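Engineer: We have chain U; now place chain F with the ligands onto it with these hints.
Taken in order, these protein sequences are the chains called U and F. Sequential numbering from 65 applies to the first sequence in the numbering used here. Sequential numbering from 117 applies to the second sequence in the numbering used here.
Take the hints with a grain of salt, since some may be wrong.
To be verified - Pulled a few chain U residues facing chain F out of the computed Cβ check, cut under 7 Å:
hint	residue
1	Val138
2	Asp141
3	Arg248
Claimed, not checked - Calculated pairs, DSS-like style, for lysine-lysine (alpha carbon to alpha carbon, straight line, at most 27 Å):
hint	chain 1	residue 1	chain 2	residue 2
4	U	Lys146	U	Lys91
5	U	Lys145	U	Lys74
6	U	Lys301	U	Lys290
7	F	Lys339	U	Lys197
8	F	Lys339	U	Lys178
9	U	Lys172	F	Lys339
10	U	Lys145	U	Lys197
11	U	Lys175	U	Lys197
12	F	Lys354	F	Lys339
In case anyone wonders, no lab produced these hints; they're calculated from the structure. Note that the structure is a prediction, hence the values are computed from the model and not measured. Built from N, CA and C at the ideal position, the CB exists for glycine as well.
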Amino acid sequence: MSQAVLQLEKVRKSFGSEVVLEDISFKVLEHKATVFIGASGSGKSTLLRCINLLDQIDDGQILLDGQDISAANVNPDEVRKKLGMVFQSFNLFPHMTVLENVILAPTKVQKVAKEKAIDEALELLDKFGLREKADQYPDRLSGGQQQRVAIIRSLARHPRLLLLDEITSALDPVLVNEVLSTVRDLKSEGMTMVLATHEMGFAKQVADELCYLHQGRILEWGDPSKVLQSPKKKETKEFLRRLHQAGRL
Amino acid sequence: MAKKSGRSSNRAAPSSSYNFGGSWSASEIELARRHARRARNKKSALIAALSSFLVLGTLGLVLVTSPGWETLRNTFFKWAYGFEILPKILLGFTTNATLTVIAGTSVALIGLAIALLRTSRSPALTPFRILATVYVDVFRGIPMLLVILLVGFGIPALQIKGLTNNVLVLGTLAVIITYSAYVAEVIRSGILTVHPSQRAAARSLGLSNFQTLRHVVLPQALKRVTPPLLNDLVALIKDTGLVSILGVTDAVRAAQIQTAKTFNYTPYVMAAIIFLLVTIPLTRWTDRMLRNSYERENAVGQA
Ligand SMILES: Nc1ncnc2c1ncn2[C@@H]1O[C@H](COP(=O)(O)OP(=O)(O)OP(=O)(O)O)[C@@H](O)[C@H]1O
Ligand SMILES: [Mg+2]
Numbered sequence: 065m066s067q068a069v070l071q072l073e074k075v076r077k078s079f080g081s082e083v084v085l086e087d088i089s090f091k092v093l094e095h096k097a098t099v100f101i102g103a104s105g106s107g108k109s110t111l112l113r114c115i116n117l118l119d120q121i122d123d124g125q126i127l128l129d130g131q132d133i134s135a136a137n138v139n140p141d142e143v144r145k146k147l148g149m150v151f152q153s154f155n156l157f158p159h160m161t162v163l164e165n166v167i168l169a170p171t172k173v174q175k176v177a178k179e180k181a182i183d184e185a186l187e188l189l190d191k192f193g194l195r196e197k198a199d200q201y202p203d204r205l206s207g208g209q210q211q212r213v214a215i216i217r218s219l220a221r222h223p224r225l226l227l228l229d230e231i232t233s234a235l236d237p238v239l240v241n242e243v244l245s246t247v248r249d250l251k252s253e254g255m256t257m258v259l260a261t262h263e264m265g266f267a268k269q270v271a272d273e274l275c276y277l278h279q280g281r282i283l284e285w286g287d288p289s290k291v292l293q294s295p296k297k298k299e300t301k302e303f304l305r306r307l308h309q310a311g312r313l
Numbered sequence: 117m118a119k120k121s122g123r124s125s126n127r128a129a130p131s132s133s134y135n136f137g138g139s140w141s142a143s144e145i146e147l148a149r150r151h152a153r154r155a156r157n158k159k160s161a162l163i164a165a166l167s168s169f170l171v172l173g174t175l176g177l178v179l180v181t182s183p184g185w186e187t188l189r190n191t192f193f194k195w196a197y198g199f200e201i202l203p204k205i206l207l208g209f210t211t212n213a214t215l216t217v218i219a220g221t222s223v224a225l226i227g228l229a230i231a232l233l234r235t236s237r238s239p240a241l242t243p244f245r246i247l248a249t250v251y252v253d254v255f256r257g258i259p260m261l262l263v264i265l266l267v268g269f270g271i272p273a274l275q276i277k278g279l280t281n282n283v284l285v286l287g288t289l290a291v292i293i294t295y296s297a298y299v300a301e302v303i304r305s306g307i308l309t310v311h312p313s314q315r316a317a318a319r320s321l322g323l324s325n326f327q328t329l330r331h332v333v334l335p336q337a338l339k340r341v342t343p344p345l346l347n348d349l350v351a352l353i354k355d356t357g358l359v360s361i362l363g364v365t366d367a368v369r370a371a372q373i374q375t376a377k378t379f380n381y382t383p384y385v386m387a388a389i390i391f392l393l394v395t396i397p398l399t400r401w402t403d404r405m406l407r408n409s410y411e412r413e414n415a416v417g418q419a
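Next comes chain U alone, as it looks inside the complex (with noise of 0.2 Å):
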C-alpha cells in the first residue's frame, strides 16, 4: 500500500474559546479525493486553511508525504509550494491580466524562466478552453471562468495535493457545471485533492472518501454513495434531510 499523500493525526484548531476543529484524523492516498460535507460553520473552510497552514492548528499533527508540516521548524512557504488551494471567491489578482496571475507563482516561486512559464501557462489555458482569455483582465470574465483561472493559476505549479474549498458557491448554476467538469477532469488524471463542497451529486461523481463534518468532528465517513443513501448517525441523516428539502441532492 503507498504512502499517504495527506494525513491528519487528532487535529484541534480553536479561536479563542470556540473550538472550530476537534480530532480531525484522515489520510488521502495518491491520485484519491476526499470530500468534506458539512453545514454552513462546521469548519470545512478552516480545514483546509490549516492544512495550508495559512491557520496555525493547536493540537496533533499533519504530514504531507510523511513530513511533518505542524512542526515548529517547518517554514510554510516551503510547504505551499507543494499546495495548490482554490478559495471560494477565486481571489484572482486584478491588477494582472489571466496569463500574469498564472505565471506569477511559477516565475516568482518555481523559478521558471518567463517564456517556459508562458508556454505552459498557455498550453494549460487552452486544454481548459481559456486560450484566448490570457490577455483579458479578471473583471471581464465570467465567475465561472475567473473560478476556472484560479484553478489553473493552481495547477500551473504542479501541486502534489489540491485544496479546493466550495469552489462553485459563489456560482450560478449554469456555471457551476463547467467549474465542475474541470475538477473531474483533474480527478482523471490523478490529481490527489481534498475538497469542500455543498454540491452533493458532484461529491458523489469525484469522491472516493466521503467525510461528514458536525460541528467541527468528522462524524461520518466512508464510500460516498453509501454515506449519502444509508447514514448511520441521525445528525448526517438530518443534514441530508434539510439538503433534500432545499433541493440540493
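Structural biologist: Chain F with the ligands alone, transformed into the frame defined by chain U:
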C-alpha cells in the same frame, strides 16, 4: 500598454458600436431617440451659455463701475509693472519648482517606507513601528509653518559644527518632514483597503511575505491612492511658498521684495498667477483620474 488602452477604449465605446457579425443599422426608433437627444443637448448648451453670460457679465460690470475700481486696478493689476518684474518672480519660482521635485521625490520614498513599516507585522520591527506611529501623529498635527520655523531657525541656533545653516536646505527638510507624514497615511490607507483574501491567495501560491507585498498588495494599493497623492502634490507645490518665511528667495519672497520697494501689490498677483498656471491644470488632471478610478472600481463586480 496596448492592453491597457484597449481596456479603457472598450469601456468608452458606446453600446451601439457592438457588431455581432451581421450588418446592423439603427432602427427608426433609435434614430428618433438620437435626434431627440441631440436636440436636448443643444438646448442645454444654449441655456448654459446664456446664463453664464448674464451672471458673469453683471458681476464684471458691477466691479468695473464701482467707485474704488481705479485705485484697485492700480494697486493690484498694474500689468505693465507686473510684466516688468515678471522675470524676477519667475526666477524665484524656479526655487519652488526645484523644491517640489526634490521634496516630492523624498516624500514619496520616505512616505512609502513609513507606510510599509506601519503595516508590517514583523516582531523585529516593533520599535520602529512605534516610532513611525509617533512621527506620523506628531507631524500631521502641527501646522507646517511651525515646523518650518522650528527647523529653519531652530537648527542654526544649536550652532552645531557641520550642520548646515542654509535656509533653503532647512526649508526643504521641513517640507519633507511634514509631507512624509501625510503621504505615509495615504499610502497606508491604500494598503489597508487591499482585501486580506488577496494576501491569503498570494501566500497560498507560495509567495513570500515580501513577494506578496511587492507583486500583489502594493500595485493595487498604489493604484488606488494615486488620485489622493496627486492632490497632495498640488498642495505641496503651493506650500513650497511657505519657506519664503526663512528668507529663501522663492516666487513669494521675490514678489514681497518688489512690493516693499513700490508699495504696489501687483507682484503678489503675478506670483499667484504663476502658481495657478501650474496647479490648476494639475488639479483638473487629478479630478479626471479620480473620476476614472471611481468608474473603474464600480465596473468591477459587474461581470
Ligand atoms: N479567523 C477567525 N476568527 C474567529 N473565528 C473564526 C475565524 N475563521 C472561522 N471562524 C469560525 O470558525 C467556524 C468555522 O468556520 P468555517 O469558515 O471553517 O466554516 P465552513 O464550514 O467553511 O462554513 P461555510 O460552509 O459557510 O463556508 C465558524 O463558527 C466561524 O465563525
Ligand atoms: Mg467555508
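Engineer: Which numbered hints does this structure break?
Structural biologist: Violated hints (numbers, rising): 1 and 3; every other hint is consistent with the structure.
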